[in-house]
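Protein chains: 2
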Amino acid sequence: MTAQNCLRILREVKDAAFATVDETGMPQVRIIDVMLIDQEKLYFCTARGKDFYRQLTASGQVAITAMNHFFQMVRLSGRARKLSGQKEWIDRIFEENPVMNNVYPGESRYILEPFCIADGQIEFFDLGREPVFRECLTIGNARKPQKGFFITDSCIGCGECHRSCPQQCIEAGTPYTIRQDHCLHCGLCYETCPVQALERKGI
Amino acid sequence: MTAQNCLRILREVKDAAFATVDETGMPQVRIIDVMLIDQEKLYFCTARGKDFYRQLTASGQVAITAMNHFFQMVRLSGRARKLSGQKEWIDRIFEENPVMNNVYPGESRYILEPFCIADGQIEFFDLGREPVFRECLTIGNARKPQKGFFITDSCIGCGECHRSCPQQCIEAGTPYTIRQDHCLHCGLCYETCPVQALERKGI
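Protein sequence lines, in the order shown, are assigned to chains Y and E.
Take the first sequence: its position 101, counted from the start at 1, is 101 in UniProt numbering, and no numbers get skipped.
Take the second sequence: its position 15, counted from the start at 1, is 15 in UniProt numbering, and no numbers get skipped.
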């Protein structure tokens with residue numbers, strides 16, 4: 001899986017969930033169209049009257065997710081920045097998404113402002129295949145997160161984690177190892193280990 | 001539209017986006033199954049190893065959204081509380097959602113914890129009909145939010161807002177009035193009014 005393909009999934013699903021934090025620190029989420037994908041950048045827009053617009057211009061921090069019909073989920077976290085050249089961007093967005101004219105006919109389209117996410121962390125999770133598959137990716141200059149459970153050298157090789165794993169993604173060895181790309185991050189191994197040999201990173 | 005029907009939409013779509021705020025104040029969002037709808041309560045579950053679980057047990061504040069094939073969007077904001085009687089609830093959830101056994105076979109299901117949202121604010125937005133339609137509803141003891149743009153008595157009746165509205169949902173009068181149930185909340189009237197007669201509430 002590549003970051004570009006993850007952005008394509010968001011564009012294909014199109015109606016993705018965009019989450020922000022409001023001025024009171026509460027989570028907010030709404031369905032927003034992914035309007036364009038270009039290189040490794042994601043473009044969307046919103047109207048200046050909306051609380052979403054205020055949250056984007058305040059911190060710009062946004063988390064996006066969508067799932068396609070194959071049960072492939074993409075999560076993208078990053079900072080959205082407002083684009084200069086509003087008219088040109090909105091015109092391009094309407095050109096590639098003509099249905100927008102039904103909602104914002106004529107000149108009313110210019111109440112919309114274009115935003116771009118150029119740097120961000122991506123989590124791809126495929127629940128449609130067995131075993132499940134996950135991968136962390138990035139766009140732009142975002143650093144790649146290390147997430148998951150890891151078995152340390154304290155492992156005594158008893159195999160409790162291996163037997164408990166819902167996805168059977170823990171391999172025997174010294175120490176035992178978790179196949180990170182097939183892990184649910186459920187934490188059952190972490191709870192089951194009799195000697196607390198597991199550590200939890202970034203989740 | 002009723003709150004119950006909004007919850008049914010979330011259950012029918014099933015894979016909804018659940019947004020939280022993490023310990024660093026950043027927005028987080030992921031796809032989670034809506035497992036049960038009972039009365040005016042929504043039930044879901046997550047594994048104890050996940051950051052989602054930590055965020056739910058820290059503040060419990062969650063915002064949920066999903067859109068169905070008719071372009072009807074539901075947003076639900078409220079506090080999720082962890083349910084006692086974990087085994088009974090997880091068993092009921094697996095009974096009504098047997099596909100869960102593929103991901104968490106056998107006893108591994110008990111790494112999951114059940115949560116319920118019993119009080120919350122709902123926004124229903126129907127982009128699939130013309131004109132667009134929106135309504136605010138609540139479940140439990142949540143207070144109903146007043147959101148939108150409102151034309152005050154400072155209105156001079158020039159009709160600029162009426163002419164600018166993308167959805168033509170502003171009616172002439174003294175003052176002019178916005179048909180709130182057909183408003184996009186785009187804010188074009190707010191910007192267009194030559195005498196700043198509009199006020200913005202809750203958005």
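Derived by calculation from the structure, the hints in this document are not laboratory data.
Treat each hint with caution, since some may be false.
Treat identical chains as interchangeable: a pair holds within one or across any two.
Simulated pairs of lysine-lysine, BS3-like, Cα-Cα distance not exceeding 27 Å [what the hints assert, rightly or not]: (1) LYS201 with LYS144; (2) LYS50 with LYS147; (3) LYS82 with LYS50; (4) LYS87 with LYS144; (5) LYS50 with LYS87; (6) LYS14 with LYS201; (7) LYS147 with LYS82.
Values in this document were obtained by computation on a predicted structure and should not be read as measured data.
Q: Of all the hints given earlier, name the ones this structure violates by number, lowest first.
A: 4, 6
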